[in-house]
Every structure is written in structure tokens, then in C-alpha cells.
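With the hints as constraints, model all of the structure from the sequences given.
Just so we're aligned, residue 1 is where the sequence shown starts under full-length UniProt numbering, counting upward by one.
Honestly, the hints are just simulated from the structure, not real lab data. Each hint should be verified, as a subset may be incorrect.
Calculated pairs, EDC-like style, for lysine to aspartate or glutamate (alpha carbon to alpha carbon, straight line, at most 20 Å) [said to hold, decoys possible]:
#: 1; residue 1: K167; residue 2: D156
#: 2; residue 1: K98; residue 2: E254
#: 3; residue 1: K225; residue 2: E106
#: 4; residue 1: K15; residue 2: E106
#: 5; residue 1: K98; residue 2: E38
#: 6; residue 1: K225; residue 2: E200
#: 7; residue 1: K225; residue 2: D102
#: 8; residue 1: K147; residue 2: E7
#: 9; residue 1: K15; residue 2: D188
#: 10; residue 1: K225; residue 2: D206
#: 11; residue 1: K98; residue 2: D37
#: 12; residue 1: K98; residue 2: E45
#: 13; residue 1: K167; residue 2: E146
#: 14; residue 1: K15; residue 2: D5
#: 15; residue 1: K15; residue 2: E146
#: 16; residue 1: K225; residue 2: D208
#: 17; residue 1: K98; residue 2: D222
#: 18; residue 1: K147; residue 2: E11
#: 19; residue 1: K225; residue 2: D191
#: 20; residue 1: K147; residue 2: D162
#: 21; residue 1: K15; residue 2: D102
#: 22; residue 1: K15; residue 2: E40
#: 23; residue 1: K167; residue 2: E254
#: 24; residue 1: K225; residue 2: E45
#: 25; residue 1: K15; residue 2: D156
#: 26; residue 1: K225; residue 2: D99
#: 27; residue 1: K147; residue 2: D188
#: 28; residue 1: K147; residue 2: E163
#: 29; residue 1: K225; residue 2: E254
#: 30; residue 1: K225; residue 2: E251
#: 31; residue 1: K98; residue 2: E40
#: 32; residue 1: K225; residue 2: D260
#: 33; residue 1: K225; residue 2: E197
Source: prediction; values computed, not measured.
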Amino acid sequence: MVTADEEHFNELIGKSMQHPVLLELTSAHANAQAMSDELERLTNEAAGRWLLVRVDVDATPQIAQALRVQAVPTLLPILAGQPVSQPIQGTLGADQLKDLTDQISELAVANGITGRAAPVATAPAPVEGQDGEQAPATDPRTAAVEKLLHQGRYADAVLGYDELLAKTPGDPVLLAGRAGAATLQRLDGQDPHALLEAGEAAAPGDVDAQLAAADVELMGGDPAKAFDRIIGAIRVTREEERERARTRLLELFEMVGSADPAVAPARRALAAALF
Numbered sequence: 001m002v003t004a005d006e007e008h009f010n011e012l013i014g015k016s017m018q019h020p021v022l023l024e025l026t027s028a029h030a031n032a033q034a035m036s037d038e039l040e041r042l043t044n045e046a047a048g049r050w051l052l053v054r055v056d057v058d059a060t061p062q063i064a065q066a067l068r069v070q071a072v073p074t075l076l077p078i079l080a081g082q083p084v085s086q087p088i089q090g091t092l093g094a095d096q097l098k099d100l101t102d103q104i105s106e107l108a109v110a111n112g113i114t115g116r117a118a119p120v121a122t123a124p125a126p127v128e129g130q131d132g133e134q135a136p137a138t139d140p141r142t143a144a145v146e147k148l149l150h151q152g153r154y155a156d157a158v159l160g161y162d163e164l165l166a167k168t169p170g171d172p173v174l175l176a177g178r179a180g181a182a183t184l185q186r187l188d189g190q191d192p193h194a195l196l197e198a199g200e201a202a203a204p205g206d207v208d209a210q211l212a213a214a215d216v217e218l219m220g221g222d223p224a225k226a227f228d229r230i231i232g233a234i235r236v237t238r239e240e241e242r243e244r245a246r247t248r249l250l251e252l253f254e255m256v257g258s259a260d261p262a263v264a265p266a267r268r269a270l271a272a273a274l275f
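Here's what the structure looks like:
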């Protein structure tokens with residue numbers, strides 16, 4: 001989640017060319033803190049499937065005026081620089097917000113927008129500096145790599161993560177970031193519809209087709225389906241092909257994080273498939 005000001009607003013909206021942007025216009029007087037908190041929670045769980053951009057209409061009334069927002073809170077989903085619905089005014093409950101964000105993710109994939117908002121991994125918690133003030137929460141190690149991701153230079157970002165991992169092998173934040181960058185690299189320039197159709201038409205043991213379709217499903221917000229697809233390939237393959245599928249599945253586990261509810265059952269299913 002980022003808070004927009006006039007100077008950076010257009011830049012943030014421009015990121016909708018790579019991934020969905022969910023614009024939240026609100027105010028301290030809107031009595032909508034519960035909705036804002038739930039949006040932040042969903043956004044953190046989504047791990048980059050969209051970017052939540054918050055606008056304080058009291059601090060930046062010009063943005064609200066330009067968008068002709070008449071009441072707050074208002075939500076406005078944006079893809080490829082354009083709103084994909086009328087402004088959604090009023091407070092929404094948790095189930096309504098979940099439905100909305102799921103629809104945004106699905107619409108993005110349907111339109112070939114499969115990028116991921118950087119950073120992919122959750123940043124470390126803020127720590128106190130020597131003067132007692134809070135230090136920035138962003139990980140300074142990955143700032144340059146995240147810039148490459150925003151520029152769509154996914155291959156360079158993978159190399160950047162490899163260089164960082166050479167210095168600190170096994171770092172979970174870097175592993176998650178590398179897995180996300182590698183997924184974006186694999187999907188760059190691909191037609192997600194075609195990859196999904198090919199995966200459905202191919203045999204379960206066609207590892208290339210199943211891994212590509214799983215990438216699309218994961219980036220479209222359905223990690224459980226992506227994991228099941230790869231586990232299905234593991235069940236019917238042997239030796240090198242099985243190991244390739246297993247390795248990719250472990251990378252995707254790193255990418256979404258162990259807190260994702262789809263990971264634990266998928267790990268159990270993986271163990272059953274292997275043994």
C-alpha cells in the first residue's frame with residue numbers, strides 16, 4: 001500500500017500497465033477505518049497481485065476533483081491506465097472487498113496483465129535507529145532490484161536477486177523475490193489464455209505445459225489451483241521431469257509465503273505424491 005500525492009499520482013497509476021491498481025479515496029472523516037484496514041490485510045495477503053494506492057482527499061483535494069469523486073470512501077479499480085468500473089462509493093464489508101479484489105485479479109489475467117507489484121515479499125518490520133526514530137521498513141538491499149521490476153526488466157531482476165543470494169544464501173525475503181521475478185520473466189510476452197488452454201489440453205505429465213499454466217493461475221490469484229496442477233504432474237512423472245516440477249513447486253511456495261493457506265495442504269499433497 002502506498003499513499004499518493006499530486007507529484008507521484010500519475011506515476012502510480014502508470015503501474016497499472018503491469019498489474020492492477022486499486023485506488024482508495026478516503027478521509028479521516030469518512031468513518032471507514034475498518035474498510036481501510038481490511039483492504040490493507042487483503043493486499044498484504046495478495047503479495048503483489050495488485051497495488052493499493054490510498055488518496056487522502058483532505059490532503060490532496062485536487063485528485064478527488066480530477067476524478068469527480070463526490071463521496072468518500074470511494075474505490076476505483078484501474079487496469080492499463082483506465083478505470084474498469086464506475087467508482088464504488090460507500091463502505092464495503094470484508095466479503096464484498098474479497099469479491100472485488102478477486103474480480104480485479106481475474107480481469108487482469110484475462111487482459112494479459114500478469115505483472116506483480118514489487119516488492120513481492122513482505123518487507124521487514126521497522127526497527128529503531130540510534131536516535132530512537134523508526135527506520136524505513138523497506139529492505140534497502142532490494143531497492144535496485146525492485147526498480148528493475150517496475151521497469152519490466154525481469155531477467156535483470158533475477159540476476160540482481162542471484163547476486164544478493166550469493167552474499168546471503170537462503171534468505172527467505174530474497175528467495176521469495178527471486179521466485180516472483182522469475183515468474184514474471186517466464187510470463188513476459190506470453191498470452192495467459194493460450195497458456196491455460198495448453199495446460200488443460202496437455203497430458204498431466206507434460207511438465208512444460210503444466211508449469212506454464214500454473215504460473216498463470218498463481219499470478220491470477222489462485223495458488224491452490226497452481227499447486228494442485230504441479231502436484232498432478234509430479235504424480236505421473238519420474239526422474240528429471242519430476243524433479244523439475246518439484247523444484248518449481250518449492251519456488252512457488254517461497255513466493256507466496258508459508259502463511260498462505262494453500263501452502264500447508266499442498267506440502268502434504270507433495271509428500272504423498274513423492275512417497
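Cross-check of the supplied hints:
1. For the given pair, K167 sits about 17 Å from D156 by alpha-carbon distance, which is consistent with the 20 Å threshold.
2. Of the pairs offered as hints, the one joining K98 and E254 is violated, with about 23 Å between alpha carbons and a cut-off of 20 Å exceeded.
3. A hinted pair counts as satisfied when its Cα atoms are at most 20 Å apart, and K225 with E106 qualifies at roughly 14 Å.
4. Only pairs whose Cα atoms come within 20 Å are accepted, and K15 paired with E106 is accepted, the gap being roughly 17 Å.
5. Taking the CA atoms of K98 and E38, the gap is about 9 Å. The hint holds against a cut of 20 Å.
6. A distance of roughly 12 Å separates the Cα atoms of K225 and E200; the hinted pair therefore holds under the 20 Å criterion.
7. For the suggested pair K225 and D102, the alpha carbons sit about 14 Å apart, so the restraint of at most 20 Å is met.
8. In summary, the hint linking K147 to E7 is supported, as the alpha carbons are separated by about 18 Å, within the 20 Å threshold.
9. Proposed proximity of K15 and D188 is supported: the alpha carbons are some 15 Å apart, at most 20 Å.
10. For the given pair, K225 sits about 17 Å from D206 by alpha-carbon distance, which is consistent with the 20 Å threshold.
11. Of the pairs offered as hints, the one joining K98 and D37 holds, with about 13 Å between alpha carbons and a cut-off of 20 Å not exceeded.
12. Proximity of K98 to E45 is assessed by CA-CA distance (about 11 Å); at most 20 Å being required, the pair is judged to hold.
13. Annotation: proposed proximity of K167 to E146 holds, straight-line Cα distance about 18 Å (limit 20 Å).
14. Taking the CA atoms of K15 and D5, the gap is about 15 Å. The hint holds against a cut of 20 Å.
15. A threshold of 20 Å between alpha carbons decides the hint, and for K15 with E146 the separation of about 13 Å falls inside it, so the pair holds.
16. Between K225 and D208 the CA atoms are separated by roughly 16 Å; this keeps the pair inside 20 Å, and the hint holds.
17. This hinted pair checks out: K98 and D222 have alpha carbons roughly 13 Å apart, not beyond 20 Å.
18. Note on K147 and E11: the hinted pairing holds, with a Cα-Cα distance of about 13 Å set against a maximum of 20 Å.
19. With a C-alpha separation of about 19 Å, the suggested pairing of K225 with D191 holds against the 20 Å cut-off.
20. Our distance criterion of 20 Å between C-alpha atoms is met by K147 and D162, whose separation comes to about 16 Å.
21. With a CA separation close to 19 Å, the supplied pair K15 and D102 stays within the 20 Å bound.
22. With a C-alpha separation of about 18 Å, the suggested pair K15 and E40 falls inside the 20 Å cut-off, and the hint holds.
23. With a C-alpha separation of about 19 Å, the suggested pair K167 and E254 falls inside the 20 Å cut-off, and the hint holds.
24. At roughly 17 Å between alpha-carbon atoms, K225 and E45 fall within 20 Å of each other, so this suggested pair holds.
25. Under the criterion of a C-alpha separation no larger than 20 Å, the hint pairing K15 with D156 is consistent with the structure, at around 19 Å.
26. For the hint pairing K225 with D99, the CA-to-CA distance comes to about 18 Å; that is within 20 Å, so the pair holds.
27. Restraint check: the Cα-Cα separation between K147 and D188 comes to about 17 Å, which is no more than 20 Å; the hinted pair holds.
28. For the proposed pair K147 and E163, the alpha carbon gap of about 15 Å is at most 20 Å, so the pair holds.
29. For the hint pairing K225 with E254, the CA-to-CA distance comes to about 16 Å; that is within 20 Å, so the pair holds.
30. This hinted pair checks out: K225 and E251 have alpha carbons roughly 15 Å apart, not beyond 20 Å.
31. A hinted pair counts as satisfied when its Cα atoms are at most 20 Å apart, and K98 with E40 qualifies at roughly 12 Å.
32. Only pairs whose Cα atoms come within 20 Å are accepted, and K225 paired with D260 is accepted, the gap being roughly 13 Å.
33. Distance hint between K225 and E197 is fulfilled; the C-alpha atoms sit about 14 Å from each other, no more than 20 Å.
Checked against the numbered hints above, the structure breaks only hint 2 and satisfies the rest.
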